[in-house]
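Chain A is fixed; fit chain B onto it per the hints.
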Amino acid sequence: MKKYLATFAVLCMAASLFAQSVTLMQNKPEIDGALKAYAAIWGKANNTQVTIKSVGGSTGTDLGKELQADYAAGDMPDIFVIAGPEDFKQWQTILLDLSGEKWVSKTSVPFKVDGKVYGFPVAVEGWGMAYNADILAKAGVNPKTLVNLDGYSKAFAKIDGMKAKLGLKSVVSMAASIDMSWVTADHNFNSLLSNGLSYGDMSVTNDLLAGKVDDTRLAEYADWVELLFKYADKSVLTTGNYDAQVGAFAAGQAAFLHQGNWVDPNMKAAKTTFKMAFAPHGSMAKATDGIFVAAPSFYVVNNTSKNIAMAKKFLNDLVFTEAGNKYMVQDAGMIPAYSNITMKPSGQLSASVQAWAASGKIYSWNQYNFTTDFRQKTLGPIYNQFATGAIDKAKFIEFMKAAFVNMNH
Amino acid sequence: MKRNGKNSLVFWLFLAPVLFAFVMVIVIPFFLGVFYSFTNWSSSARADNALRFVGLVNFQKGLRDPTFGYSFLITIVYTVINMIVINVVAFLLALLVTSKTKLRNLYRAGFFIPNLIGGLILGYIWQFIFNNAVPSLGTFLGFTSWANPANLILAKRTSAIAAMIAAGTWQYAGYIMVIYVAAIENVPVELHEAAQIDGASPFTRMRVITIPMASQAFTITLFLTLVQSFKQFDVNVSLTAGGPSTIFMGKPIFGTELLAMNIYDTAFVSNDLAGGQARAVIFFLVLAVVSMAQVSINKKREIEL
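From first to last, the protein sequence lines stand for chains A and B.
Residue numbering for the first sequence follows this note's numbering, starting at 1 and increasing by one per position.
Residue numbering for the second sequence follows this note's numbering, starting at 1 and increasing by one per position.
One chain only, chain A, in its complex shape (with noise of 0.2 angstroms):
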């Protein structure tokens, strides 16, 4: 009995010694399967078992529903995601303070809050008009002329014009049903927040937030996504998903797609022969030369995880291990936010964020500091009413002025 006992206790101790384990759960499914081998090469290096948990890709599935699902249930994993000021509100009491990382100086961009670092920033992301330059050059049009609303009109004119000898169905690939709210009520929504501002300005989010209306702002703003709205594949806007708005630009039968540099891989899955680059939103009458580029998620640690120590060195290691390198920039095709890493992704779109990030040419993204609920319940129907045709400009610009004064009562 006693020998049972013996081996049991041993046997205990060795569990106790490999059972170090670290839960990851993140929001980009396209990375998922990068990530996963990753993190099992790296769990055995380093003796623990890392367990990695993808949820997102539509609004029916997002990561803050499943936080708050583990949350209730005391399960949270060990480092999850936040993507700004809303989002570290509602686990502020349990994000670890990373300030004393080592990756904290080779960064930029971290998620900070009153001086202390939180987050560390998992890609530079951007999106922008992205562009089929095989198409724009065939049809005659400089994308340097796409810089304002003036700009867009006579090319997205032109370019329909030409639709059957280019071989296209429409003009843009842009989805607006409830389903793909994320891109008109997020990074839509952005141009007005952020477009022809300085990098960082808040002043326009901040009045909106507080119920004020720049009325010009918004007018030009409504022109551009009716104008967006007017050239798109009408099935694709009212009803696609995102395979369909994706796929329609990826075959060629869209000039231009609504969309950022995570589309890369499907891109590559798409087997596109085709140039593609980003140009400006031209949601505004001033020209505004440049993207909206930002670290938008950060990795967090959960302070009341019990394996801390390994889970920093996940971080640390991505950031300076050559293993963790090539999975970010390689194998899941981020842009690095590290300065240290030498490594370009190969995608194409990837690498026009890096071109206009590189010239300092880059607007914020604004649009988390709005609620999901705010964006998704009430701005997400309105831009759904607008592609639908069931309401016309003037009743768009009027749903959007009462949704941000009637916001705070």
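None of these hints come from the bench; they were simulated from the model.
Heads up, a few of these hints could be off.
To be verified - Derived DSSO-like pairs: lysine-lysine, alpha-carbon spacing no greater than 27 angstroms straight-line:
{"id": "1", "chain 1": "A", "residue 1": "401", "chain 2": "B", "residue 2": "251"}
{"id": "2", "chain 1": "B", "residue 1": "231", "chain 2": "A", "residue 2": "65"}
{"id": "3", "chain 1": "B", "residue 1": "61", "chain 2": "A", "residue 2": "65"}
{"id": "4", "chain 1": "A", "residue 1": "230", "chain 2": "A", "residue 2": "163"}
To be verified - Covered stretches of chain B (in silico footprint by chain A; criterion: 3 or more residues with CB under 8 angstroms from a CB of chain A, positions within the stretch not fixed):
{"id": "5", "segment": "44-57"}
{"id": "6", "segment": "138-152"}
{"id": "7", "segment": "236-250"}
Cβ atoms here follow ideal geometry from the backbone N, Cα and C, with glycine treated the same way.
For chain B alone, kept in the frame of chain A given last:
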């Protein structure tokens, strides 16, 4: 007496696993849910997160929210139409597979199989059919209006609700059919024979013999379809995700968001778990009253053999 004691021990032992599961996943969460609906529970780690009672605030907020009222209305419309369509289709299918048609066993299996597919997957399949297959078929057959984006079934509110009913019926009619089949086969053959000798037509026999004799089945099928339609969630989420939008009380809102999805969105999109829970309690009360009324009305019409 001794045997009795042993029997009751066996009785409780066999019951224990089910009872344990029932208490853990139904009874306790139910009362916890009711408790949370009176608090400010948010399931997040906010700085000011202490749980406290807020009285009826969550219920008031829910009842004042136009989206909740709207969801109630369309859920009632959806439920009424869905109950009728499912039961009519299921009864006709049951008549078909109890007749002397060839391959009737194959039909039985075929009609029942959709019920084995999960609602989420089924919703995505139908989404593909409505968004891609129907327009393609229209182009192929030369009905260009089918391919016109303005006519897409999921692009309009009324047709999107009709699409949910179609998908829901396809999923559930086979299940209800099985219950009708059992009922129809239990009708004594002598009654039919006697009626036939008296010269009753097949239609009359169905009206005065089959339907009244199957009234017990109607009690259960109407109850099942009522509850199933009222609680519809998975097909709703995957097929329409609440879209397209509509305007209700001067505000653009989700046009096909049924009650269960409204509760889910309140909890997880608006980050208001307690608010969602309060709506769920209201939902429970309404559904309990309506379904008990339905069962008691149906019970009165049942014929004892």
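These are the hints, each one checked on the structure:
1. Pair hint residue 401 of chain A plus residue 251 of chain B holds up; C-alpha atoms about 12 angstroms apart against a cutoff of 27 angstroms.
2. Our distance criterion of 27 angstroms between C-alpha atoms is met by residue 231 of chain B and residue 65 of chain A, whose separation comes to about 20 angstroms.
3. Using a Cα cut-off of 27 angstroms, the hinted pair residue 61 of chain B and residue 65 of chain A holds, with the two alpha carbons roughly 21 angstroms apart.
4. Simply put, residue 230 of chain A and residue 163 of chain A have alpha-carbon atoms about 14 angstroms apart, close enough for the 27 angstroms limit, and the pair holds.
5. For the segment 44-57 of chain B, the stated coverage by chain A holds: 5 residues have a C-beta nearer than 8 angstroms to a C-beta of that chain, and at least 3 were required.
6. With a threshold of 8 angstroms between beta carbons, the proposed coverage of the segment 138-152 of chain B by chain A holds, since 3 of its residues qualify and at least three are required.
7. As drawn, the segment 236-250 of chain B meets chain A at 10 residues by the rule of a beta-carbon pair under 8 angstroms; at three or more, the given contact holds.
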